[in-house]
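> So the protein lines, in turn, are chains A, B, C and D. Reading the first sequence from the start, the letters are residues 0 to 141 in numbering that gives the first Met the number 0. Reading the second sequence from the start, the letters are residues 0 to 141 in numbering that gives the first Met the number 0. Reading the third sequence from the start, the letters are residues 0 to 103 in numbering that gives the first Met the number 0. Reading the fourth sequence from the start, the letters are residues 0 to 103 in numbering that gives the first Met the number 0.
Be a bit skeptical, because a hint or two may be false.
[What the hints assert, rightly or not] Here are the simulated lysine-lysine pairs, DSSO-like style, with alpha carbons at most 27 Å apart:
{"#": "1", "chain 1": "A", "residue 1": "Lys-4", "chain 2": "A", "residue 2": "Lys-95"}
{"#": "2", "chain 1": "A", "residue 1": "Lys-37", "chain 2": "B", "residue 2": "Lys-15"}
{"#": "3", "chain 1": "B", "residue 1": "Lys-37", "chain 2": "D", "residue 2": "Lys-38"}
{"#": "4", "chain 1": "C", "residue 1": "Lys-18", "chain 2": "C", "residue 2": "Lys-35"}
{"#": "5", "chain 1": "B", "residue 1": "Lys-4", "chain 2": "B", "residue 2": "Lys-37"}
{"#": "6", "chain 1": "B", "residue 1": "Lys-95", "chain 2": "D", "residue 2": "Lys-18"}
{"#": "7", "chain 1": "A", "residue 1": "Lys-15", "chain 2": "A", "residue 2": "Lys-37"}
{"#": "8", "chain 1": "A", "residue 1": "Lys-37", "chain 2": "D", "residue 2": "Lys-86"}
{"#": "9", "chain 1": "B", "residue 1": "Lys-15", "chain 2": "D", "residue 2": "Lys-41"}
{"#": "10", "chain 1": "C", "residue 1": "Lys-38", "chain 2": "A", "residue 2": "Lys-93"}
{"#": "11", "chain 1": "B", "residue 1": "Lys-15", "chain 2": "A", "residue 2": "Lys-4"}
[What the hints assert, rightly or not] Examples of chain B residues toward chain D, derived with CB under 7 Å:
{"#": "12", "residue": "Pro-14"}
{"#": "13", "residue": "Leu-17"}
{"#": "14", "residue": "His-31"}
{"#": "15", "residue": "Val-33"}
{"#": "16", "residue": "Thr-35"}
{"#": "17", "residue": "Lys-37"}
{"#": "18", "residue": "Asp-46"}
{"#": "19", "residue": "Glu-47"}
{"#": "20", "residue": "Gly-111"}
Don't read these hints as lab results, they were simulated from the structure. For glycine and all other residues, C-beta sits at the position ideal for the given N, C-alpha and C.
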Amino acid sequence: MVASKDIEIQFRSTPKLLCDVRAVIRSYLTNHGVETDKVQEVVLAVDEACTNSIRHAYSGQDDKLVELSLGSGDGWIELELRDSGVPAPYDRIKRKTDEAIAAAALTPGGLGMHLIYSVFDDVTFTPGETQGNTILMRLRSA
Amino acid sequence: MVASKDIEIQFRSTPKLLCDVRAVIRSYLTNHGVETDKVQEVVLAVDEACTNSIRHAYSGQDDKLVELSLGSGDGWIELELRDSGVPAPYDRIKRKTDEAIAAAALTPGGLGMHLIYSVFDDVTFTPGETQGNTILMRLRSA
Amino acid sequence: MALELSQVEQGNHCIVMAKGEIDLYSSPQLRDAILKACKAGKDKVGVNLSEVAYMDSSGVATLVEGLQASGGADSFLLVAPSQSVLKVLQLSRLDSVFTIVEQV
Amino acid sequence: MALELSQVEQGNHCIVMAKGEIDLYSSPQLRDAILKACKAGKDKVGVNLSEVAYMDSSGVATLVEGLQASGGADSFLLVAPSQSVLKVLQLSRLDSVFTIVEQV
Ligand SMILES: Nc1ncnc2c1ncn2[C@@H]1O[C@H](COP(=O)(O)OP(=O)(O)O)[C@@H](O)[C@H]1O
Ligand SMILES: Nc1ncnc2c1ncn2[C@@H]1O[C@H](COP(=O)(O)OP(=O)(O)O)[C@@H](O)[C@H]1O
Numbered sequence: 000m001v002a003s004k005d006i007e008i009q010f011r012s013t014p015k016l017l018c019d020v021r022a023v024i025r026s027y028l029t030n031h032g033v034e035t036d037k038v039q040e041v042v043l044a045v046d047e048a049c050t051n052s053i054r055h056a057y058s059g060q061d062d063k064l065v066e067l068s069l070g071s072g073d074g075w076i077e078l079e080l081r082d083s084g085v086p087a088p089y090d091r092i093k094r095k096t097d098e099a100i101a102a103a104a105l106t107p108g109g110l111g112m113h114l115i116y117s118v119f120d121d122v123t124f125t126p127g128e129t130q131g132n133t134i135l136m137r138l139r140s141a
Numbered sequence: 000m001v002a003s004k005d006i007e008i009q010f011r012s013t014p015k016l017l018c019d020v021r022a023v024i025r026s027y028l029t030n031h032g033v034e035t036d037k038v039q040e041v042v043l044a045v046d047e048a049c050t051n052s053i054r055h056a057y058s059g060q061d062d063k064l065v066e067l068s069l070g071s072g073d074g075w076i077e078l079e080l081r082d083s084g085v086p087a088p089y090d091r092i093k094r095k096t097d098e099a100i101a102a103a104a105l106t107p108g109g110l111g112m113h114l115i116y117s118v119f120d121d122v123t124f125t126p127g128e129t130q131g132n133t134i135l136m137r138l139r140s141a
Numbered sequence: 000m001a002l003e004l005s006q007v008e009q010g011n012h013c014i015v016m017a018k019g020e021i022d023l024y025s026s027p028q029l030r031d032a033i034l035k036a037c038k039a040g041k042d043k044v045g046v047n048l049s050e051v052a053y054m055d056s057s058g059v060a061t062l063v064e065g066l067q068a069s070g071g072a073d074s075f076l077l078v079a080p081s082q083s084v085l086k087v088l089q090l091s092r093l094d095s096v097f098t099i100v101e102q103v
Numbered sequence: 000m001a002l003e004l005s006q007v008e009q010g011n012h013c014i015v016m017a018k019g020e021i022d023l024y025s026s027p028q029l030r031d032a033i034l035k036a037c038k039a040g041k042d043k044v045g046v047n048l049s050e051v052a053y054m055d056s057s058g059v060a061t062l063v064e065g066l067q068a069s070g071g072a073d074s075f076l077l078v079a080p081s082q083s084v085l086k087v088l089q090l091s092r093l094d095s096v097f098t099i100v101e102q103v
């Protein structure tokens, strides 16, 4: 993260806790002056990223750790998500072209990364060499 | 903590973030079946404990770390708060008798510990030997 | 906020009423409720999403599954989706795939 | 949720309207608003707490300070406190110290 870190949440990799994680993201963004509509989109996108860590990195094992840092500064709000599971294959997480998105539109799945790229102003997905994933999601703040 | 830990939140010791911390506590308790009235009381009591870490342990310095763990199991919901500031004097944090509470009733201040003891079913406040405080707050769950 | 589900029969419709948040945790419950409604022997299955405050892509995937299980867009209706549900359907470009009605 | 404050003059009352959450972060703002109302030259100062969703003991301490600054319970009113504000006042056993009114 570049911005100064305010909050870090570490949570067990179970879908049961996603709701609590959304609550803190929603509160943080609202308190940082992000508009309600945008808050909804960001919450959705980060929830998709958390869901990916649980489903893909940890294959649904519910006793692993997911970490989310929230920070702000220099005109940016930053959210960084980390897991220590299986690194994502690079071609699955790269930003898709509009044509590729249109072609895939009618199949469920593959929506998460698209959302993440569309909602944030800047996204850096760094799969680990052998283990783990880090996604830095940045939003220009008002 | 005795119960299995679900979430840990680490936040910078600034009052600005208390609202976000309350949001996650509120969500966690609600999702664990705690009734709305009790949720309100618990949120208030934990907020008082966080406020104490900021005001007393850290004398208002806003660049220190406060940690809150949330867990449940075996019929208990547990919240554990930790700071690494100045340990609380034992006589200020022990449970007061009813008479002492009545005598102090009309002065503001001294309310936080009273609230914490009244809201939870079990409270263990452990000031560190030389540094830091840990408060384990336990609630019987439905 | 948990997901509350109930089933209402109305004429030739079997409606699943959903209230709360639909995410990776709760979408399996929605899935079960939809599949149960598909077996109720009515012509059409509806999912009332007016009180759904939050839905993510696992919810979208569950609705697509319901669409398939019920036999397609003529027999599967999304009833009065909330603003946040509509938004997710739009973001996933699946809003035109579903039959969306304001009431049944 | 931040705290929004405004000041309304009504007959011989100067009322601080508070909306949102009152905690260690926002209570200094409430303090300033109350002290400003005390200087408005009206007989009575009121704090309307009907839209306060959350208040902690720093809020209670601020109200006690307002009570003192305005000259006591005859000239300082808590107007229509919300259920959660009432609860904190009760828990702190200070509800009987304040004059609580439903409207001015
Ligand atoms: N945290 C992660 N760990 C491992 N793989 C990931 C992670 N995030 C994304 N991926 C990979 O990227 C793919 C695309 O993700 P996404 O767009 O959310 O669609 P979906 O999850 O529906 O497949 C996933 O199928 C997975 O292979
Ligand atoms: N985390 C803490 N670190 C240091 N001292 C503490 C802490 N929590 C409580 N205390 C001590 O206990 C006292 C009583 O706390 P409390 O009942 O909340 O009342 P108040 O904060 O209004 O003084 C405080 O004044 C302080 O001396």
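> For every hint, state whether the structure bears it out.
Against the structure, the hints come out as follows:
{"no.": "1", "hint": "Lys-4(A) to Lys-95(A)", "in the structure": "violated, 30 Å"}
{"no.": "2", "hint": "Lys-37(A) to Lys-15(B)", "in the structure": "holds, 21 Å"}
{"no.": "3", "hint": "Lys-37(B) to Lys-38(D)", "in the structure": "violated, 39 Å"}
{"no.": "4", "hint": "Lys-18(C) to Lys-35(C)", "in the structure": "holds, 17 Å"}
{"no.": "5", "hint": "Lys-4(B) to Lys-37(B)", "in the structure": "holds, 21 Å"}
{"no.": "6", "hint": "Lys-95(B) to Lys-18(D)", "in the structure": "violated, 34 Å"}
{"no.": "7", "hint": "Lys-15(A) to Lys-37(A)", "in the structure": "holds, 24 Å"}
{"no.": "8", "hint": "Lys-37(A) to Lys-86(D)", "in the structure": "violated, 34 Å"}
{"no.": "9", "hint": "Lys-15(B) to Lys-41(D)", "in the structure": "violated, 33 Å"}
{"no.": "10", "hint": "Lys-38(C) to Lys-93(A)", "in the structure": "violated, 41 Å"}
{"no.": "11", "hint": "Lys-15(B) to Lys-4(A)", "in the structure": "holds, 13 Å"}
{"no.": "12", "hint": "Pro-14", "in the structure": "holds, 4 Å"}
{"no.": "13", "hint": "Leu-17", "in the structure": "holds, 5 Å"}
{"no.": "14", "hint": "His-31", "in the structure": "violated, 20 Å"}
{"no.": "15", "hint": "Val-33", "in the structure": "violated, 16 Å"}
{"no.": "16", "hint": "Thr-35", "in the structure": "violated, 10 Å"}
{"no.": "17", "hint": "Lys-37", "in the structure": "violated, 11 Å"}
{"no.": "18", "hint": "Asp-46", "in the structure": "holds, 5 Å"}
{"no.": "19", "hint": "Glu-47", "in the structure": "holds, 6 Å"}
{"no.": "20", "hint": "Gly-111", "in the structure": "holds, 6 Å"}
Hint check: violations occur at hints 1, 3, 6, 8, 9, 10, 14, 15, 16, 17; the rest are consistent with the structure.
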